[in-house]
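Undergrad: So you can see what is in the structure, the chains are spelled out below.
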Amino acid sequence: MDLYDELPDSNLLYDVEFSSLLEAARVFQVTVLEFLKLSAQELARTLQRSVVEVSKFQNLLQKDLDEQYGVLNNVNQLRECAIPHPITTGDISIDEALGGGIFTKCITEVFGESSTGKSQFLMQLSLAVQMPKDCGGAEAKCVYITTEGDLPTQRIQDMIESREEFKKSSISQSNIYTVSCNDLVTQEHILNVQLPILLEQSKGAIKLVIIDSISHHMRVELESNSFKESQDNRYYVSRLAEALLKLANKYNLAVVVANQVGDKPFIELTEPQRYLLSDYEYQLGWIVGWKDSTILFRQRAYEELKASSPGIIPSQKKSFLDILSDDEDHMLIEKEVSRVLNGENSSVTRQASKSTSSLSIRNESSSVTDLGKERKYISSKRKRKLDHRVPNLGLSWANYVSTRILLKKSYKAAPVIRRGELRVYGNIDPASFWQVKRIFKIVYSTYCRPEEISYSITKKGIESV
Amino acid sequence: MSLGISLSQLITDNPQPLSSGVSALDDALNKGFHSRSIYEIYGPPGVGKTKMGIQLVQNATTGNSERKVLWIETHVSAPLNLMDFDKGNIFTVTTNKFTQLLIFFKKLLEKDEKYDLILISGFSQLVTDHIEILLNRGYNFKNIHELKCKHLALILTEMTKYTHSKNASIVLLNDCMNTSFQKDIGNVEDNLEVVDDGSNFLVSSSFNSHRRKNTQVLRSSLVANSAMGNKDNIWEAFIRCSIGIFWNWKHKDIGNNRKRNFEKCRIAVVSDLNGKEMQNKKRATYKNEVDCSIVRFDIDESSGSFKDIKADLNNINFDDRIMPPQKKNKSGSSVSISPSLTDSSRQVSPEELLLDTSLVGSAIDAYNKTVYEKEPELEAIIYDSEG
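These protein sequences, in sequence, are chains A and B. Mapping of the first sequence onto full-length UniProt numbering: position 441 corresponds to residue 441, and the numbering continues sequentially without gaps. Mapping of the second sequence onto full-length UniProt numbering: position 134 corresponds to residue 134, and the numbering continues sequentially without gaps.
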């Protein structure tokens, strides 16, 4: 029976007088709600216990519940102090886009592939929260829970020293409580036991809890091979989110978590398939922050199938590929490289073909299908690659996330290519063709509108450009 | 016919329905959110459920100092900082448990506090938690769907009592979940029709069960949780309209031209669960055949709130993706809208139907056990073919 879940502090749990009644309730699968709603006679019949006993229990149960919820259920006039408020991220443009910063009383998720700067951003937050209130900070401490190794303290120290405002406000690592957990059991213990105790003892001095990353252990350790298991996992995820939100609400603090990505590859189907509006696949791209062209392409790809004559895969049809944007950077580079190579002897050509093949790997811009297999240097049109990464833990997690941020890394043509100066340098080292381009994308948020900001990772941390 | 309305209440004048701010949505709801009604809004994260809730609060309180609003928070706090209007008449309370909410509504009724609008953000999370707790305590998985329906009917009964006695509207803001569970498989009542001649015979109707393989559908978390089944109509009877909000492209010719204009908008799918708004002849319980209205809206750049889309009529993205391409016509046989997909639809064999008919009796029994407090009118709602 669910008595413990409803009334964890009740004496009824241990009362010997009712132990056989509770046992009967367990056997006959009667829940607390039935005790509240059904008449004593009816219950007594179901449970095969005496009416007197049942009605006595009902009265006590009702009394306990009223007591437990008596104060909690009082309606409050809106109080300003209990309203979620933003904490600065340490970057003005990012703060602005987020509606003021990272909000308290809710979960903010930062996801992206590795080396996109998730941890950099989180470390920066752990320092920015210490800033004085008139600078947008919370003058507060922070908890930093890592799941993949220890917190890189040297990097944090560098961040502090590279920023005047951090040094001035005497921000230090001593205000960051850090702990690392190596498996799911430890993680559970930290989140369910140690963290609540620490927050209780610190009496509101902590305003930020960071977990880097939330899905690391869960992805490895939780299996889902059946409906039951996947439902269990959904429940595990929502219980975790609810525990975090409970702390966030109780202490008016912000919870920021990193999330890893999983793969959702585009699969060529052979049967036509038409998605409906409410289909998960149709809506997914908007929930996980894919590019518009990717969303449309993946929504329509299987519909095209029926329209095309047999044997032709629609994603190779030229008109359909127009949905995707051209990879202008890649085409520019190819053009430049071929210009350099023209007129030079064949030994260099061999070297160049080697360099262009490594090019396509670097740029992750190979077209959707093997369109480019027999491609000539200049004539072919390259398409940017389809997005295929999705944040872990699915909808059951996403439903609890108030702000979802995607950190993205891509490559664009280096200045030397864009200015057409490759010939001048005569350098055909592919590494010099490309330049990293980073995007901070707000996928959705309760507090602000979706937006994209370019950023770079510097000594100071994350800076918008 | 409506739930538990006494004659005296019918005489009292009804307040104006509450406008959502999107006139097309108001039209679909027959002028707006009505008093004495419960509504459900659900959708994927980020689509704007909370924003819609805030807009309702704003519309309810501005220009009317009499109206009081109660926002019931659950796990996720309400973003009350986003309400940049007079908050004098807005009240909040936090409930984290299904039972707590039930007790809250009981007490609220006793206390005689009047709120014109009550929003419950994250209601479905409380329901999902409640189910999971029961399952973890060894509740039989086979019966969990019926139990969910029972308990939901119970709490919705309390809410209905409140909305009727105080002339209030309740709006549930729910999550959605992905599920591959298809309601039309083995759904007894849907395969059968009541012959409208006073006799209680059920006859099978010819129908095409359109099943799509490997497809996950987004549905309200009240439906798509561990306790899925085919008797959701038991509690859906209490909800006047269910509004699903989804994303879609704004323009029809997206992808066809080279302009690459990827504008998107929100689509509200208003399911008229009880056939009130559209004067449906039959109280359909089959989700896919409930009449729905489709409303397109989006954030208006100048005001920042949800507004209708004034679109170029020649370039409206006709939302033909709303319904499965199959709809019953008047004679009860199926008509496929999209001929290209008929090959994947499936005819049900007579054996299967036979199997289903044997379940009818038990389904009705189960339903009768559901409502603890006898509400004869309610039974009539679901099984009265006259509507």
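Please note that the accuracy of each hint is not assured.
[Unchecked claim] Under the rule of at most 30 Å between Cα atoms (straight-line distance), these lysine-lysine pairs were calculated in the DSBU-like manner:
#1 B:K161 / A:K63
#2 A:K250 / B:K87
#3 A:K250 / B:K111
#4 B:K97 / A:K246
#5 A:K56 / B:K106
#6 A:K228 / A:K141
#7 B:K231 / B:K142
#8 B:K166 / A:K408
#9 A:K250 / B:K264
#10 B:K31 / B:K51
#11 B:K161 / A:K37
#12 B:K114 / A:K37
#13 A:K412 / B:K97
#14 B:K250 / A:K264
#15 B:K307 / A:K441
#16 B:K142 / A:K228
#17 B:K107 / B:K166
#18 B:K264 / A:K63
#19 A:K56 / B:K31
#20 B:K111 / A:K246
#21 A:K437 / B:K264
#22 A:K385 / A:K167
#23 A:K385 / B:K252
#24 A:K56 / A:K291
#25 A:K246 / B:K252
#26 A:K291 / A:K385
#27 A:K228 / A:K203
#28 B:K31 / A:K63
Hint data in this document are derived by calculation from the structure and do not stem from the laboratory. All values derive from a computational prediction rather than experimental measurement.
Undergrad: Between the alpha carbons of K250 (chain B) and K264 (chain A), is the straight-line distance 30 Å or under?
TA: Distance ~26 Å between K250 (chain B) and K264 (chain A) Cα, so the pair holds.
Undergrad: Check the hint pairing K412 (chain A) with K97 (chain B) against an upper bound of 30 Å on the C-alpha distance.
TA: violated, 51 Å
Undergrad: Please work out if K228 (chain A) and K141 (chain A) have their alpha carbons no farther apart than 30 Å.
TA: violated, 41 Å
Undergrad: Hey, K56 (chain A) versus K31 (chain B), does the alpha-carbon distance stay inside 30 Å?
TA: violated, 50 Å
Undergrad: Verify the proposed pairing of K385 (chain A) with K252 (chain B), using a straight-line Cα cut of 30 Å.
TA: holds, 24 Å
Undergrad: Given the hint that K97 (chain B) pairs with K246 (chain A), test it: the Cα-Cα distance must not exceed 30 Å.
TA: holds, 12 Å
Undergrad: Just to be careful, I want the Cα atoms of K291 (chain A) and K385 (chain A) compared with a cutoff of 30 Å; is the pair within it?
TA: Judged against 30 Å, a Cα distance of about 10 Å means the pair holds.
Undergrad: What's the verdict on K161 (chain B) and K63 (chain A), does the C-alpha distance respect the 30 Å limit or exceed it?
TA: Between K161 (chain B) and K63 (chain A) the Cα gap is close to 23 Å, so the pair holds against 30 Å.
Undergrad: Between K111 (chain B) and K246 (chain A), does the CA-CA distance stay at or below 30 Å?
TA: Holds, at roughly 28 Å.
Undergrad: Verify the proposed pairing of K250 (chain A) with K87 (chain B), using a straight-line Cα cut of 30 Å.
TA: holds, 22 Å
Undergrad: Hinted pair, alpha-carbon criterion (30 Å max): K228 (chain A), K203 (chain A). Please report holds or violated.
TA: Distance of about 40 Å is beyond 30 Å: violated.
Undergrad: For the pair supplied as a hint, K246 (chain A) and K252 (chain B), is the alpha-carbon distance within the 30 Å limit?
TA: At roughly 44 Å apart (the allowed maximum being 30 Å), K252 (chain B) and K246 (chain A) break the hint.
This entry does not satisfy hints 6, 8, 9, 13, 18, 19, 22, 24, 25, 27 and 28, going by the numbered hints stated previously.
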